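Protein chains: 2
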Amino acid sequence: MPVPSPETVDAVLRHADARLDQSREALFELLSIPSISAQEAHREDCARAAAWVHDRLVALGFRTEIRPTAGHSVVLGHFDGPAGYKGPHVLVYGHYDVQPPDPLDLWTSPPFEPQLVDGPRGKRFVARGAVDDKGQTTMFLEALRAWHEVGGGIPAKLTVLIEGEEEVGSRNLEPFLKANKAELTSDIALISDTNMWDIDTPALTTSLRGMTYVQLTVKAAKRDLHSGLYGGSALNPINVITRVLGDLQDENGRIQLPGFYDKVKSITNARRAQWDSLGFSEAAFLGDIGLSIPVGERGYSALERLWARPTADINGIWGGYTGQGAKTVIAAEASAKITFRLVPGQDPDEVVEQFKQFVADRLPAGATAEFEGGHGSPGVDVNADSPWVRAAQAALAEEYGKPAMLIGCGGSIPVVVSLKNVLGIDTLLMGFGLDDDQIHSPNEKFEQRCFHHGIRSHVRLLAKFAAG
Amino acid sequence: MPVPSPETVDAVLRHADARLDQSREALFELLSIPSISAQEAHREDCARAAAWVHDRLVALGFRTEIRPTAGHSVVLGHFDGPAGYKGPHVLVYGHYDVQPPDPLDLWTSPPFEPQLVDGPRGKRFVARGAVDDKGQTTMFLEALRAWHEVGGGIPAKLTVLIEGEEEVGSRNLEPFLKANKAELTSDIALISDTNMWDIDTPALTTSLRGMTYVQLTVKAAKRDLHSGLYGGSALNPINVITRVLGDLQDENGRIQLPGFYDKVKSITNARRAQWDSLGFSEAAFLGDIGLSIPVGERGYSALERLWARPTADINGIWGGYTGQGAKTVIAAEASAKITFRLVPGQDPDEVVEQFKQFVADRLPAGATAEFEGGHGSPGVDVNADSPWVRAAQAALAEEYGKPAMLIGCGGSIPVVVSLKNVLGIDTLLMGFGLDDDQIHSPNEKFEQRCFHHGIRSHVRLLAKFAAG
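Chains as they are written, first to last, in this note's numbering: chain A, 1320 to 1787; chain B, 1320 to 1787.
Calculated directly from the structure, the hints in this document are not laboratory data. Treat the hints with caution; some may be incorrect.
[Claimed, not checked] In silico DSBU-like cross-links for lysine-lysine, where the CA-CA straight-line distance does not exceed 30 Å: (1) A:Lys1538 with B:Lys1405; (2) B:Lys1675 with B:Lys1538; (3) B:Lys1405 with B:Lys1582; (4) B:Lys1675 with A:Lys1442; (5) A:Lys1442 with A:Lys1497; (6) B:Lys1584 with B:Lys1739; (7) B:Lys1497 with B:Lys1739; (8) A:Lys1538 with A:Lys1675; (9) A:Lys1538 with B:Lys1584; (10) B:Lys1582 with B:Lys1675; (11) B:Lys1442 with A:Lys1541; (12) B:Lys1582 with B:Lys1497; (13) A:Lys1541 with A:Lys1675; (14) B:Lys1538 with A:Lys1675; (15) B:Lys1538 with B:Lys1405.
In this text the structure is predicted, and so the values were computed from the model without any measurement.
Given the sequences, and given the hints that come with them, work out the whole structure.
Here you go:
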């Protein structure tokens, strides 16, 4: 009889509680590895992080391999589950890579020297990747370890896939899924890379925005020029790039790419009503980050703007002299990185073409534009009416003593689209991050309370899966 | 009888010719010192450059001191001239500081390892400062040396003032002039920091644009944000700064600062006619730098746009993630450096206030703007009808066998304004640079032919001064 009893679940939970310090120490080992997938200099660190995950899975009895891709490797582990297992085969996805830590000077401690500090809500972990996604990935591994060490072993059939390119667009993941489709056949995917509603209220995420990322470089003269000797005659590419990109939105926050909204799907009235019922306070949300006045499209609620409307944000801009003091130069070129967050209906490739047209429409004669990047993924809606969503709702309700919220997420997890497209499976998005975790920012943190409840929730969810 | 004979002048010129290699070697010593005044790390190098100039002047018999300022030091040397000297007391100004060499990767040789290379017009010197202003300053020092070594000694009464903050706005020079006004009393100033008409045609510059330099920082949230989780609600300061600065000029190239043109003085019809007669080819001017289509205000000739109309050029911009790959961040702040080139009538301080108003008028609620810099100098017209201009015209005509052009310059030499305001003297601008010398750019160069003729022209000019 492979279905664990309530007493067994309690024993596993007690064991997870007792070894919380060791779980945190395991996470800190992983956080100490600067596995920045965007930076070639950290290639070896990415390989070290993959090896760390590999070794953990091997210790849990998984048949595990580090599988190469055209970029950073995928760690893939299989566990058959107990004899007579009747539940779903679950594909667990996570990523061991992290965002660059810049700007470094805003960190209060080195980003790859994880710190345990006291915060207003108890202990917290501070490091790049603390929550995204090393912290959330480690929660699941630690839930597995609790089952491995007590309770008769891991109670479910699992495939664990931990990749190393999520922060650079997962460009080699879909080819990997396609190439290994038979091996990856499963019933449902499980990902912890999203947020709770608040620290006391669990959530399941049922919609995600997509995104596409483009780098634009505007060029003019063949060399840098003296702004006194050439100003008034020579084209200035920084003036040009500000003029072009300054036109991305109109006064009402509407994005000006031609055709940008043509295929945007509106959310259903039912979903809008459900989101309205969440009681989200945009004032509090913005207040936490020092802002008070919302931007975005006029005429939409805050959650609709954050979860179901597309955006155009310039993520970086550079050109000319940016050092100390003055240098009166007209630069030869200027560049910017731009993200478009997309919603269901929008095609990432079409949006890139729209952006190129938008630039071409505004580029003055004599300037040239070059584009890089442009890979992306569409927005997704997750089916909220499935037995696995109900299983996760039950696990979270037991853990927190209150029902989980069904929420959207403005971020992008392209793998959800790939898993659906290639393997035909839905994804359960059960995350334990908080809005103020500062992911992708200096001083990223993860509340120990979230980490702890996250381990426990996964312990419970594995039992729900085993129950079939 | 202190007036040198034509035979004496010829002897000095022959001596200068014979020791051209040593003159170049002297310049290369100075060019090897990275005296970048904008960068604190090069403070000691600036002091080394000052010491080098000091030692040269001492060797020429000048009473010389390195005089401290609130920033980099001024080198000040006095020479009384021969007994019975009847000519003007000439204040010679130059600067030993240079612009930062960035972007370094575009240099074909290290910027502070001067190279003697073959170019299409003979030998040339390649280094940061090759012409601006170490090359032009050294020309004068070498003319002095030729007189010092033959011809009976330096024939004029001179004060030589070589400062170290020209490339950062000469902010301590005017206080220095005021504090040492009695010591600096003189009849006329002489500066070599401008260009010839072309390599075979000498020029005297009789108008200069002024400038003011402002750094703008736009701030929004108190930390960097994830563009997925906050995009659609949180203000993006890079989007804001592009929107604000993209509005600097309208479609006709008119600068949009309120009141910006109110006090602009038009040039006289006589000057316009004289400039039109120069036969300037904007197509060739732009063709040299890989451009073909002029920008700037519609309705003005090229030389008027370059010499007598104000500009607004963004010299640098930065914010967010500018490294390799992707980072989907909404930055907490974005910055830009902007130069306004000014013409007679415009007040630099008023323009800074106009810019602040321009930004305030466009800044969305929730964003803040901070400003740095803002010191500047007005544009100037030099009196072209003076005995010293005529003396310089005669010296140049003898050297080149053709008359010198009277031209304007779009760049700024703020000291000209200070010399007029504090000491009450006009400035003779006799320069030997060329438009393609790439000053302030990678691979700055100085043609040896210009350097050589520059030394010889100064030898001749000193004789003209001595003639009274």
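To see whether the hints hold, each was checked on the structure:
1. A:Lys1538 with B:Lys1405: violated (56 Å)
2. B:Lys1675 with B:Lys1538: holds (15 Å)
3. B:Lys1405 with B:Lys1582: Not OK: Lys1405 (chain B) and Lys1582 (chain B) at ~42 Å, beyond 30 Å, violated.
4. B:Lys1675 with A:Lys1442: Roughly 45 Å separates the two Cα atoms, so the pair is violated.
5. A:Lys1442 with A:Lys1497: The hint is violated at about 42 Å.
6. B:Lys1584 with B:Lys1739: At roughly 19 Å apart (the allowed maximum being 30 Å), Lys1739 (chain B) and Lys1584 (chain B) satisfy the hint.
7. B:Lys1497 with B:Lys1739: holds (12 Å)
8. A:Lys1538 with A:Lys1675: Holds, because 15 Å separates the two Cα atoms, which is no more than 30 Å.
9. A:Lys1538 with B:Lys1584: violated (33 Å)
10. B:Lys1582 with B:Lys1675: holds (18 Å)
11. B:Lys1442 with A:Lys1541: holds (23 Å)
12. B:Lys1582 with B:Lys1497: holds (28 Å)
13. A:Lys1541 with A:Lys1675: This hinted pair holds, its Cα atoms lying about 22 Å apart.
14. B:Lys1538 with A:Lys1675: Since the Cα atoms of Lys1538 (chain B) and Lys1675 (chain A) sit roughly 28 Å apart, the hinted pair holds (cutoff 30 Å).
15. B:Lys1538 with B:Lys1405: At roughly 61 Å apart (the allowed maximum being 30 Å), Lys1405 (chain B) and Lys1538 (chain B) break the hint.
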